[in-house]
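Undergrad: Listed here are the chains, written in short residue letters.
There are 2 protein chains.
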Amino acid sequence: MDPTVGELSEGRILRRILERLGESNALVGPGDDAAVIAAADGRVVATVDTLVHGPDFRLAWSSAFDLGYKAAAVNLADVAAMGATPTALLVALAMPDATRLSFVTGIADGLRAACRELAPGCRVEGGDLTVSDTLTIAVTALGALAGRAPVLRSGAEPGDLVAVAGDLGRAARGLGILFERFTDAEGHPVPVDESLLDHAELADLAAQLRPSPPVWLGPEAADAGATAMMDVSDGLVLDASRMAAASDVTIALESAVLGPDIASALAGGEDHALLATFPADRPLPHGFVRVGVVLARGQDAVLVDGRPHDRRGGWDPYRDWDSGTG
Amino acid sequence: MDPTVGELSEGRILRRILERLGESNALVGPGDDAAVIAAADGRVVATVDTLVHGPDFRLAWSSAFDLGYKAAAVNLADVAAMGATPTALLVALAMPDATRLSFVTGIADGLRAACRELAPGCRVEGGDLTVSDTLTIAVTALGALAGRAPVLRSGAEPGDLVAVAGDLGRAARGLGILFERFTDAEGHPVPVDESLLDHAELADLAAQLRPSPPVWLGPEAADAGATAMMDVSDGLVLDASRMAAASDVTIALESAVLGPDIASALAGGEDHALLATFPADRPLPHGFVRVGVVLARGQDAVLVDGRPHDRRGGWDPYRDWDSGTG
Chain G
3 MDPTVGELSE GRILRRILER LGESNALVGP GDDAAVIAAA DGRVVATVDT LVHGPDFRLA
63 WSSAFDLGYK AAAVNLADVA AMGATPTALL VALAMPDATR LSFVTGIADG LRAACRELAP
123 GCRVEGGDLT VSDTLTIAVT ALGALAGRAP VLRSGAEPGD LVAVAGDLGR AARGLGILFE
183 RFTDAEGHPV PVDESLLDHA ELADLAAQLR PSPPVWLGPE AADAGATAMM DVSDGLVLDA
243 SRMAAASDVT IALESAVLGP DIASALAGGE DHALLATFPA DRPLPHGFVR VGVVLARGQD
303 AVLVDGRPHD RRGGWDPYRD WDSGTG
Chain E
3 MDPTVGELSE GRILRRILER LGESNALVGP GDDAAVIAAA DGRVVATVDT LVHGPDFRLA
63 WSSAFDLGYK AAAVNLADVA AMGATPTALL VALAMPDATR LSFVTGIADG LRAACRELAP
123 GCRVEGGDLT VSDTLTIAVT ALGALAGRAP VLRSGAEPGD LVAVAGDLGR AARGLGILFE
183 RFTDAEGHPV PVDESLLDHA ELADLAAQLR PSPPVWLGPE AADAGATAMM DVSDGLVLDA
243 SRMAAASDVT IALESAVLGP DIASALAGGE DHALLATFPA DRPLPHGFVR VGVVLARGQD
303 AVLVDGRPHD RRGGWDPYRD WDSGTG
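So the protein lines, in turn, are chains G and E.
Plus 2 on top of the position in the first sequence (first one is 1) and you've got this note's numbering.
Plus 2 on top of the position in the second sequence (first one is 1) and you've got this note's numbering.
FYI, nobody ran anything at the bench for these hints, they're computed from the structure.
None of these values were measured; they are calculated from a predicted model.
Each residue gets a CB set at the ideal place from its N, CA and C atoms; glycine is no exception.
Check the hints yourself; a few may be wrong.
If you only want the chain E side, here are some residues facing chain G, beta carbon under 7 Å, derived [said to hold, decoys possible]:
#1 Ala36
#2 Ala37
#3 Ala41
#4 Arg45
#5 Val46
#6 Ala48
#7 Thr52
#8 Met84
#9 Ala96
#10 Leu103
#11 Ser104
#12 Asp130
#13 Thr132
#14 Asp135
#15 Thr138
#16 Ala140
Looking at chain G on its own, in the form it has when it is part of the complex (with noise of 0.2 Å):
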């Protein structure tokens, strides 16, 4: 038995979907008009993201778990890059009526893995469930800096060091492997068959599908006095771009850094690793590699191996998205 959502009530799913979310670590949980989350220095960082199929997955090459863990992993990240912790999630899902109940379910255990894994001690707090012919997942997620200030964008300084905390170009890799690999005659996606995958090929797909960013560097990289950061969801050249837009400065880029697959470390989006400078005059802390050096302003927001680079990267779903689903 595995009836639709369309079968069942809205109190019932959002049964299914607490039993499935474990015990609630606020002040007020799930089941009231709104959660009550603590905020013991007085502040909280707050962030939503929201994944839609078609633009942003295909239910062919994504399971249920692999949504609800992006869906939360890509919003810890943006918790992270402020250099806070996060402390809750709030999870609005909107199906179709004829989505099974344990794609619900499915959905939340991908949720509560990812805090698991990448945010000890967030949990879904609250959410909402409603009726859609397009199936979304919007995610808030919110975080807690402990007396921290906020780690912006804007702050990077000449003579800082340029680094990154996790993958960059994986996830971009796992893409390439699907709509290269798992397509039918007609470009429509077909299921993964994993067993064609080598090990650096599943480690890819895997990075597209259930990014795990390293969220707890981000307060690591705040307290070693990480001067600018923020996460690379839309690729290393143009995050960097961003970054140096707000921070007026020129981030020179050292690709011998990069790994043997520099084109998908420099475009490729989605990988949600985080991206910082540092002050020069101490160690990075552990966790993040150089890959550049903060100029003052020049020509070019962004130099890589000190010449421009034009092609743009990362996914502008106002741009790029075919319009497919599948």
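Position chain E against the provided structure of chain G, taking the given hints into account.
TA: Only chain E this time, still in chain G's reference frame:
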């Protein structure tokens, strides 16, 4: 010139939205990986609610301004129902490529107007834009308790008075006007001709399209000793039965005070009035009207004029949506 969002970059759309939202009130406002919002007493109230094209609104009936206004208002009411004052909204907006820029800025104008009129000091401080086949607006609202205990659904005690602040039944009558008078022969929505409506009907329509719950009375109710509170989103009887279940009491409603249209007042959803219980030994706070008393738990969660009331009210998207859009 009114381009579609598909013709613009995410960055340009975002700039046009931010222009309409006014100055940030946050410690860190829009533009970084996350916002940072003050939470002076060490706690933050947080809730999310979503409007989806089809089940929640029809574009023939709701303007972009209406949608922004309603998406904000329903969430502001949830914050108020905890006894808190709204401090910030985060808005996840998923839109078809063909959406006009003027529609997006209309949503922004509606969000801003709702904050200005219902919760001064609250602003949109963050959000997310993505493309989707289904127009979807998920709003997260944050709020501050200013040292108050949150008012839960579970605190009603036998002997308390039951009271409501705000309209009951108006939004349901407004929806009735739309379905009865502004649909074509096939039942598809057609634009509203306001010249066909009298003053009372226009007010009912406004309550449906742009609800204005008494958000400022939430903290006042808490200060006046409210023992339980919630917002009436699914109809008085259904929501009172939820409060009764959470508090393990029976709520006895008195229909004489509900005005001439008792059926709509008991069963109509989407008014977002505040339902609260108060100790009987002190005056009700200004703006609240007595609608009943709390009894020790009996056989029925809710009584109306001493009798069980079995007509299910409210709106369950999983049971009630007919898949229409328009």
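Undergrad: Against which earlier hints does the structure fall short, listed by number upward?
TA: 10 and 11
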